[in-house]
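**Q** Read off the chains here:
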Amino acid sequence: MQKPDEIGELIAQTSLGNRYAFRGLYERTSAKLLGVCLRILSDRSEAEEVLQEVYVKVWRRAGTFSASRARGITWLAAIARNQAIDRLRQRRPAAEPDDILEDISDDAPSPEALAVRSDQNRMMAACLNELKHQHADVVRRTYLAGWSYQDAADAFDVPINTIKTWIRRSLIALRECMSR
Amino acid sequence: MSDQLNSDGRLLAAEFALGVLSGERLRRARERFDHDIPFRHEVERWQEDLSGLTNEYEAVEPSPSVWAGIEQEIFGSSQTAPNAGLWHSLRFWRTTAMATSLAAVVAAAALVVPRLPGHLQTNPAAPSLIASLHARGEAPFLIAQFQPAQKQLIVRISDGGRGVDETRVPELWIIPGDAVPRSLGVLARSPENKLKLENSALDLFVNGATLAISLEPEGGSPTGAPTGPVIASGKLSPL
Chain A
15 MQKPDEIGEL
25 IAQTSLGNRY
35 AFRGLYERTS
45 AKLLGVCLRI
55 LSDRSEAEEV
65 LQEVYVKVWR
75 RAGTFSASRA
85 RGITWLAAIA
95 RNQAIDRLRQ
105 RRPAAEPDDI
115 LEDISDDAPS
125 PEALAVRSDQ
135 NRMMAACLNE
145 LKHQHADVVR
155 RTYLAGWSYQ
165 DAADAFDVPI
175 NTIKTWIRRS
185 LIALRECMSR
Chain B
19 MSDQLNSDGR
29 LLAAEFALGV
39 LSGERLRRAR
49 ERFDHDIPFR
59 HEVERWQEDL
69 SGLTNEYEAV
79 EPSPSVWAGI
89 EQEIFGSSQT
99 APNAGLWHSL
109 RFWRTTAMAT
119 SLAAVVAAAA
129 LVVPRLPGHL
139 QTNPAAPSLI
149 ASLHARGEAP
159 FLIAQFQPAQ
169 KQLIVRISDG
179 GRGVDETRVP
189 ELWIIPGDAV
199 PRSLGVLARS
209 PENKLKLENS
219 ALDLFVNGAT
229 LAISLEPEGG
239 SPTGAPTGPV
249 IASGKLSPL
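Line by line, the protein sequences give chains A and B. Each step along the first sequence adds one to the number in our numbering, with nothing skipped, and position 119 is 133. Each step along the second sequence adds one to the number in our numbering, with nothing skipped, and position 179 is 197.
By construction, these hints were calculated from the structure, which means they are not laboratory data. Treat the hints with care, since some could be wrong.
Within a straight-line C-alpha distance of at most 20 Å, the following computed SDA-like cross-link-like pairs (lysine to any residue) qualify [to be verified]:
#, chain 1, residue 1, chain 2, residue 2
1, A, K178, B, D26
2, B, K169, B, K214
3, A, K71, B, K214
4, A, K46, B, F93
5, A, K71, B, L29
6, A, K46, A, L30
7, B, K253, B, I172
8, A, K178, B, L29
9, A, K46, B, S81
10, A, K46, B, W85
11, A, K46, B, G94
12, A, K178, B, W85
13, A, K71, B, G94
14, A, K71, B, H53
15, A, K46, B, A86
16, A, K71, B, D26
17, A, K178, B, G27
Some chain A residues flagged as far from chain B (calculated, every beta-carbon gap over 10 Å) [claimed, not checked]:
#, residue
18, E62
19, G77
20, A81
21, E144
22, K146
23, H149
24, T156
25, V172
26, P173
27, M192
Some, not all, of what chain A presents toward chain B, calculated at C-beta under 8 Å [as the list claims (entries may be wrong)]:
#, residue
28, T88
29, A140
30, A187
Ideal placement from N, C-alpha and C gives every residue a C-beta, glycine not left out.
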């Protein structure tokens, strides 16, 4: 049985104009979302600027959240990622990310490190495992850092067409695996 | 739904959710997200699937200036206190989960207070009574003081009583020994409410009577009895 979605409830209350639920939502989720922005942007003050934009968006769009289609934290994290990635793209159109990965096969975390909160996420972790080990790592790192194809190509030091192939094939394989 | 999407659309949705798009392809995906419902649902499906990875993001406390900036931008000023009070917590708003059932409140009221005989004259020497109202298991957040000489009930909200959910109003009830709730009126959204009491109501304020708050539609209960969830209750006792 799905755990009750407290954050989803707070978003629903926020959509009714409840400022206090909105404040409660901020208190429960802002540290996590700042973590998202920081990982993507690396710069603290820029991350906090984006965090502010995120919550203003949350206030304005709370009515579009549907508890039947997403969990609250997922919805929030997606807004934060999109906002931070937007800012990242503006800042450096052709990216040169900080960590160039030469050997990507050794420092990926074990699959168990991918914490799971639901059957759906357990499936994603299992399906990631089915990918070639280095491709799972490519998908994971690219997602967390908000890299574009070019950023990821630079990070893994491969041509952009190679990274596109790896990632597209991985996405297709993941979807196929999760639909089983 | 997503079989309305061809394989290109599904891949674009996956790439969009993953965050790898840039330039023109990103612009197209964004637009499509706004207008193409099956596409949006496919994106959301991917976002949900990938969300397990978000566990790897670490939590970092934001500076206080972030919230101040948010308030300034949305509300034009700072209105909410920096520290979480009862009003800010989900528990206050999860009314169906934590609301005491009216039946339980009424039953408890009936146990304590003997049934009232006929009409009683109000005794000018009647004691002041006070009640702390709280939700089941929570700290009190409303204090009500009955002042018989002034024929009034003063209700104070301990956490400031700022504006609440605009679609519902808190209505105050007294439940004496006969277990029939009587409305004392809708509370205004302010830290203090002074309710003038009718002579007929004064008799109800006895040691052990229960006060309760329910959430009602704008204007108060349409039926004369509580219709919404009871979010707080407490018993009157001598000061």
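**Q** Evaluate each hint against the coordinates.
**A** Evaluated hints:
no., hint, verdict
1, K178/A <-> D26/B, "holds, 14 Å"
2, K169/B <-> K214/B, "holds, 6 Å"
3, K71/A <-> K214/B, "violated, 44 Å"
4, K46/A <-> F93/B, "violated, 24 Å"
5, K71/A <-> L29/B, "violated, 27 Å"
6, K46/A <-> L30/A, "violated, 24 Å"
7, K253/B <-> I172/B, "holds, 15 Å"
8, K178/A <-> L29/B, "holds, 12 Å"
9, K46/A <-> S81/B, "holds, 13 Å"
10, K46/A <-> W85/B, "holds, 15 Å"
11, K46/A <-> G94/B, "violated, 26 Å"
12, K178/A <-> W85/B, "violated, 39 Å"
13, K71/A <-> G94/B, "holds, 15 Å"
14, K71/A <-> H53/B, "holds, 18 Å"
15, K46/A <-> A86/B, "holds, 18 Å"
16, K71/A <-> D26/B, "violated, 29 Å"
17, K178/A <-> G27/B, "holds, 16 Å"
18, E62, "violated, 5 Å"
19, G77, "holds, 14 Å"
20, A81, "holds, 12 Å"
21, E144, "holds, 14 Å"
22, K146, "holds, 17 Å"
23, H149, "holds, 13 Å"
24, T156, "violated, 6 Å"
25, V172, "holds, 14 Å"
26, P173, "holds, 15 Å"
27, M192, "violated, 6 Å"
28, T88, "holds, 4 Å"
29, A140, "violated, 11 Å"
30, A187, "violated, 11 Å"
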